[in-house]
Amino acid sequence: MAIKVAHLTNGTVNAGAELAAQLGTPAVVVYFASPKHDPQALAKSVAAAFPASTTLGCTSSGELVSGSMTKGAIVAMGFDADVVSRAEVELIPDIKASVDGINRTFAAWESRIGTKMIDLDPERWIGLVLVDGLSGAEERVMDRIGDLTNVNFIGGSAGDDVAFKETFVAAAGRTQSNAAVLALFECPNGFDVIKTQSFHASRHFLVPTKVDKAAREVIEFNGRPAVAAYAEALGVKPDDLAGQFMAHPLGLMIGGEPFVRSPQQVIGDKVRFYCGVDEGMKLAVLDSTGIVEDTTSALGSALKRNPGARGLLNFNCILRTLELEATGQTDEYGKVFDAVPTVGFSTYGEEYIGHINQTATMVLFR
Amino acid sequence: MAGQVRAMIDQIVEQRSKGNSVLATTTLTKLILKGLDPARFDANSPDDPIVIARIREVAAELNVTL
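Heads up: the sequence lines are chains A and B, in that order.
Here the working numbering is used: the first residue of the first sequence is 5, the next is one more, and so on.
Here the working numbering is used: the first residue of the second sequence is 15, the next is one more, and so on.
Treat the hints as calculated values from the structure; they're not laboratory data.
The reader is advised that the hints may include incorrect statements.
[Claimed, not checked] Going by beta-carbon spacing under 7 Å, a handful of chain B positions derived as facing chain A:
#1 THR43
#2 LEU47
#3 LEU76
[Unchecked claim] The following residues of chain B were derived to be distant from chain A, with all beta-carbon distances above 12 Å:
#4 GLN18
#5 ARG20
#6 ALA21
#7 THR39
#8 GLY49
#9 ASP51
#10 ALA53
#11 SER59
#12 ILE66
#13 ARG70
#14 ALA74
#15 GLU75
Each residue gets a CB set at the ideal place from its N, CA and C atoms; glycine is no exception.
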């Protein structure tokens with residue numbers, strides 16, 4: 005098989021070898037693991053077990069593997085060279101201070117590949133991006149990537165089993181916090197990108213008129229205190245606003261689709277978000293729809309467009325996972341991915357052109 | 015004078031997408047995420063020097079020569 009998946013419920017010091025027993029000798033290994041498995045030891049174990057492979061991964065807040073959602077596990081996908089014929093990977097440190105490492109990484113890749121990143125065919129090349137989920141640097145990482153290339157970089161922000169203390173990304177045996185891992189795959193058979201979120205726009209819009217961009221906080225919407233304006237749009241009392249966040253986040257509408265900005269908490273009269281919001285950005289108040297139904301539809305359409313698709317990487321927002329848990333739908337959601345070999349994890353943010361929330365971003369490999 | 019803002023945005027999209035409609039959509043999305051919503055500007059939009067300066071910044075970030 006050109007793509008294989010592996011799943012360990014109990015990590016051991018021999019996790020790499022156990023994954024190798026399931027995956028064989030692929031060209032590329034992508035893995036996601038609960039932080040209960042020592043991230044440093046796991047990265048070294050994986051790199052040692054796959055000496056000829058490109059390896060990358062990150063910590064998770066729950067995992068996905070063909071047909072089921074898991075917790076506390078290690079999941080991995082192995083890609084043979086007929087699916088990923090060339091792979092580059094780099095760990096970029098200290099992204100809170102600067103994302104200039106992306107320029108240096110791309111320059112090195114250009115030198116090795118012999119083509120400028122801006123000239124790579126975006127239908128043949130796909131990027132993966134894994135970011136420290138507590139760095140707050142995702143917007144700058146995605147903005148810089150988007151400046152330098154037309155290749156799509158899809159991915160997610162690393163998790164830590166909902167502790168919100170420390171997350172890790174890993175590449176080629178190196179593991180760090182405050183870092184991002186970028187990978188670039190050449191896929192001769194192509195791929196498809198799926199972005200799905202279970203919301204539609206209501207008739208209400210809010211425009212941030214005063215923000216603290218660095219803190220991802222909105223101080224005022226429509227010239228009024230943020231909490232009061234948001235609550236009024238939903239027809240609830242300000243004290244009840246936070247309880248509406250999961251079902252009614254905001255969305256930057258592009259081409260009729262929301263790029264979701266999820267509120268995290270109320271701080272006095274301000275609202276803090278899980279991703280950046282800019283002054284003047286017209287945001288729709290969103291109403292939620294069914295995650296399982298919408299994801300089934302999105303994946304079904306993609307599988308019809310790509311008959312014989314060989315594997316799926318899935319970056320699924322932790323807020324979606326928490327909602328699925330609250331509604332008792334995790335088994336049902338896992339089964340959505342029965343039809344194709346799948347590996348994924350519950351993220352602290354998703355990456356698709358920019359940094360978004362309450363979304364699943366996926367790459368379907370042909 | 016009017017219309018320069020829209021013309022500059024169209025130039026950025028044209029140079030980045032080279033006629034590819036998918037890349038044109040992606041480039042428009044990148045501009046919106048950078049705070050420049052092309053839908054807010056048309057041939058009659060005033061040549062606001064602050065907006066024009068911001069577009070020049072964005073063009074430089076995207077390595078587009080205007």
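Hint by hint, here is what the structure shows:
1. THR43: holds, 5 Å
2. LEU47: Holds: closest Cβ of chain A sits about 4 Å from LEU47/B, inside 7 Å.
3. LEU76: holds, 5 Å
4. GLN18: With a cut-off of 12 Å, GLN18/B remains clear of chain A, as the shortest Cβ separation is near 20 Å.
5. ARG20: holds, 17 Å
6. ALA21: Holds, since 21 Å exceeds 12 Å.
7. THR39: About 7 Å separates THR39/B from the closest Cβ of chain A, which leaves it inside 12 Å; violated.
8. GLY49: violated, 5 Å
9. ASP51: violated, 7 Å
10. ALA53: violated, 9 Å
11. SER59: holds, 15 Å
12. ILE66: holds, 16 Å
13. ARG70: holds, 14 Å
14. ALA74: About 9 Å separates ALA74/B from the closest Cβ of chain A, which leaves it inside 12 Å; violated.
15. GLU75: GLU75/B is in fact no farther than 12 Å from some Cβ atom of chain A, at 5 Å.
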